[in-house]
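Peer 1: In the working numbering, the protein residues as written are 3 to 762.
To be clear, the hints were calculated from the coordinates, so they are not data collected in a lab.
Treat the hints with care, as some may be off.
To be verified - The calculated lysine-lysine pairs, modelled on DSSO-like cross-linking and capped at a C-alpha distance of 30 Å, are:
| hint | residue 1 | residue 2 |
| --- | --- | --- |
| 1 | K10 | K155 |
| 2 | K91 | K118 |
| 3 | K155 | K398 |
| 4 | K470 | K10 |
| 5 | K288 | K10 |
| 6 | K91 | K155 |
| 7 | K118 | K10 |
| 8 | K502 | K91 |
| 9 | K502 | K398 |
| 10 | K250 | K288 |
| 11 | K470 | K449 |
Unchecked claim - Computed spacing ranges between beta-carbons, pair by pair:
| hint | residue 1 | residue 2 | range |
| --- | --- | --- | --- |
| 12 | A761 | A351 | 17 to 27 Å |
| 13 | Q395 | E87 | 49 to 59 Å |
| 14 | C655 | R551 | 23 to 33 Å |
| 15 | A761 | G581 | 38 to 48 Å |
| 16 | R379 | P420 | 52 to 62 Å |
| 17 | R726 | S120 | 28 to 38 Å |
| 18 | L277 | A190 | 29 to 39 Å |
| 19 | A260 | E30 | 33 to 43 Å |
Since the structure is predicted, the reported quantities are computational estimates derived from the model, not experimental observations.
Glycine included, each C-beta is placed from N, C-alpha and C at the ideal position.
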Amino acid sequence: MPSACLIKVRGVVQGVGFRPFVYRVARELHLCGWVLNGEQGVEIHLEGPEPALEEFQRLLTTGAPPASRITAVEVQGADVLGLQEFVIKASERNERPTVRISPDLPVCDNCLRELKDSTNRRFEYPYINCTHCGPRYTVILALPYDRPNTTMKAWPFDEYCDREYHDPANRRFHAQPNACWECGPQLALWDASGAQIETQDPVAEAARRIALGEVGAVKGLGGFHLAVDAANADAVALLRERKRRVEKPFAVMVPDIATAAQLCEVDALARQALLSRQRPIVLLPKRDNTFIADAVAPGQRDLGLFLPYTPLHHLLFAAGEFRALVMTSANLSEEPIAIDNHEAVHRLAEVADFFLVHNREILLRCDDSVVRPAAGRVRQVRRSRGFVPEPVQLHKEVPPVLAAGGELKNTICLARGPFAFLSQHVGDLENAESFDFFEEAVEHLSKVLEIEPSIIAHDLHPDYFSTKWALAQEGVRRIGVQHHHAHIASCMAENHLDEKVIGIALDGTGYGTDGHIWGGEVLLADYSGFERAAHLAYVPMPGGAAAIREPWRMAVSYLAQTFGPALFEQGIPFVGELGWRRAATTLQMMDRRLNSPLTSSCGRLFDAVAALVGMRTTVNYEAQAAMELESAARRAPPGAGAYPLALERSDGCWQIGAGPLFDAIAGDLRRAAPVGIISRRFHNALVAIFVCVARSVRDESALNRVCLSGGTFQNAYLLDNMIRGLEHEGFEVFTHAEVPAGDGGLSLGQAMIAAHAAAP
């Protein structure tokens with residue numbers, strides 16, 4: 003007698019070839035029944051001999067498509083219906099979707115072989131794809147994932163593609179974006195005015211122009227890239243001038259791992275990251291004297307490398323006389339990436355010489371992800387294309403909640419049940435275009451996940467756009483969350499922690515509960531609240547926000563705190579170069595408390611040291627001074643030692659004073675110590691003092707778990723040594739890898755704190 007069962011599979015199981023896989027396995031085992039895409043995932047009804055049913059269940063998990071991610075399999079008995087075949091049924095809709103949408107996927111090896119095969123009907127077709135690769139999240143209009151619910155609905159199949167789509171033995175069986183030269187999206191080449199450039203081969207012509215030094219705008223999966231030959235110093239300089247990006251590093255796309263290894267140190271972890279199905283930009287140590295133009299990543303020890311992930315990228319490299327391409331987001335600095343053809347021409351006509359476009363709509367902009375191997379793990383810096391919208395698995399169920407994130411490196415987070423869904427990188431909310439993108443991200447993610455939040459979490463800063471937006475929403479409960487508390491909660495959530503921890507949150511800025519600017523914090527925290535256990539001692543920020551752009555101001559502030567008026571008598575080169583008048587005016591500003599808010603920011607401490615050693619008195623992008631200090635520290639030989647810092651108890655809280663640190667740095671500068679040695683000693687000093695503080699807090703609280711969060715921990719040298727120092731003292735240390743330590747992970751922490759506050 004045949005048996006029957008109903009299997010429900012949850013996870014990333016739509017849009018990744020899962021139904022065709024199920025169909026083939028069922029047919030091979032001579033099982034009857036059906037498979038469909040439901041709003042709970044994939045549902046399978048099977049009828050047949052018990053041994054065959056058991057073998058099917060084994061193969062379901064061991065042989066699943068590589069792009070799938072199974073999180074749960076539920077098997078229950080079912081009635082035998084006497085079915086005579088196995089079929090794929092039409093998708094159904096239920097009330098509450100829990101299906102997980104696949105991120106966009108890189109072109110697979112099979113499609114790549116066909117792309118290069120002159121006898122194949124898809125030879126050099128730039129939008130070749132199958133069930134294992136191609137666009138997903140950026141083309142999905144709604145669930146379930148079927149062609150009418152994607153931007154591919156505009157292209158009916160031709161006869162050949164239709165046969166493939168309905169052939170269970172074919173790799174493109176139920177491949178929703180399936181297309182070819184006859185029935186799919188097409189390429190075109192436009193000039194800077196949007197007029198079509200007549201050419202038989204748009205890719206070859208685009209590659210020729212790039213090789214000649216032109217700037218090209220290339221439409222990809224989640225938006226346009228601006229592309230230039232990475233070896234052409236003049237082209238890189240031209241791109242910087244037009245994009246208004248003075249020194250911020252560019253990412254470089256290379257054709258293969260061999261080229262990556264010529265440019266950077268590629269160990270096993272780096273290789274794994276480069277070749278992963280997410281195809282992120284990977285920050286890696288640069289080799290000396292490579293063919294890449296120096297202006298690609300000036301002043302940095304690391305270079306961001308990534309591999310081609312669309313067929314078009316591979317075609318460009320095959321056609322071009324270049325070995326590497328700068329591929330940077332197609333925007334003016336701090337604006338969202340362009341996704342629409344005419345929008346791109348309108349916004350970038352003064353930047354790009356030509357536009358390589360296609361006529362498939364990108365529904366949602368999605369920047370490249372950025373990761374960094376550090377302390378033995380691949381860690382998120384910017385979580386976006388390739389990762390989104392995969393959720394973070396939570397250790398407990400939460401009600402429907404939306405977290406609006408922060409002002410910089412914004413992401414939003416929608417959470418419900420055991421999952422938290424972070425949006426793609428939205429960026430800095432500093433202009434109208436970014437505000438619009440923020441609202442697009444909220445609307446789209448809410449729609450495709452069908453989550454209606456009953457709670458909205460936001461930062462405490464009253465002037466943040468995300469805060470103002472959250473407070474303007476009606477009919478929901480709104481919960482403010484302190485910035486650094488959210489950082490620690492984010493780390494706790496990623497690591498499935500529920501009980502109180504010692505949280506070390508180091509970053510550039512965050513609105514404190516006392517109205518000051520925090521950023522060098524040690525908290526006793528859980529989801530219900532926090533207590534400030536220690537912090538960097540407050541110093542003035544002369545000029546307010548100007549001190550972020552001009553680190554020399556923070557150097558004067560710390561020197562004044564250390565030496566008072568005698569700072570002019572210390573023989574410090576920085577003071578002489580700054581000039582007596584500017585230094586005296588700054589001192590006067592602080593004395594009179596004119597536009598000099600107090601801060602405990604670790605980021606501003608990095609700025610002060612960078613300015614003091616003559617490395618960076620002004621910056622052109624966020625964290626530039628800190629990044630260059632880290633690069634200098636990593637180049638210096640080991641055994642440098644550490645500078646001292648002061649630790650005092652005041653009002654029940656430990657305060658870390660930087661006076662001894664700056665006194666010691668001033669002495670090293672008078673002795674003309676190398677900048678790398680000074681930077682290494684400074685980094686080591688931070689490690690030593692925060693380990694010391696953690697010990698003191700442990701003595702008082704009996705807590706032994708430490709969470710590290712905040713943008714400063716994207717500094718690989720600091721992170722690695724902080725982990726080592728804490729573990730040497732017997733602490734359990736928890737860090738970020740799945741979500742960014744910086745503000746890109748803030749929304750996850752906000753969501754968890756708000757969900758806890760709303761719990762009965």
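Peer 1: Does the Cβ pair A761, G581 satisfy 38 to 48 Å?
Peer 2: With Cβ atoms ~58 Å apart, the hint is violated.
Peer 1: With 33 to 43 Å as the target window, see if A260 and E30 comply at their CB atoms.
Peer 2: Given a distance of about 39 Å, which is inside 33 to 43 Å, the answer is holds.
Peer 1: For a C-alpha distance cap of 30 Å, please report whether K502 and K398 respect it.
Peer 2: Between K502 and K398 the Cα gap is close to 16 Å, so the pair holds against 30 Å.
Peer 1: Are A761 and A351 spaced within 17 to 27 Å by their CB atoms?
Peer 2: violated (52 Å)
Peer 1: Check whether the Cα positions of K118 and K10 lie no farther apart than 30 Å.
Peer 2: Cα-Cα ~39 Å, so violated.
Peer 1: With the threshold set at 30 Å, check whether the alpha-carbon distance from K91 to K155 stays at or below it.
Peer 2: Within the cut-off at roughly 19 Å; holds.
Peer 1: Are the Cα atoms of K470 and K449 separated by 30 Å or less?
Peer 2: Distance of about 22 Å is within 30 Å: holds.
Peer 1: Can you confirm whether the C-alpha distance between K91 and K118 stays at or below 30 Å?
Peer 2: violated (35 Å)
Peer 1: Hint check: K470 vs K10, CA-CA at most 30 Å. Holds or violated?
Peer 2: violated (42 Å)
Peer 1: With the threshold set at 30 Å, check whether the alpha-carbon distance from K250 to K288 stays at or below it.
Peer 2: Given that 30 Å is the threshold and the Cα spacing comes to 16 Å, the pair holds.
Peer 1: Under the criterion that the straight-line Cα-Cα distance not exceed 30 Å, is the pair K502, K91 satisfied?
Peer 2: violated (49 Å)
Peer 1: Check the following: the C-beta atoms of R379 and P420 are separated by a distance inside 52 to 62 Å.
Peer 2: violated (23 Å)
When held up to the earlier numbered hints, the structure conflicts with 2, 3, 4, 5, 7, 8, 12, 13, 15, 16 and 17 and fits the remainder.
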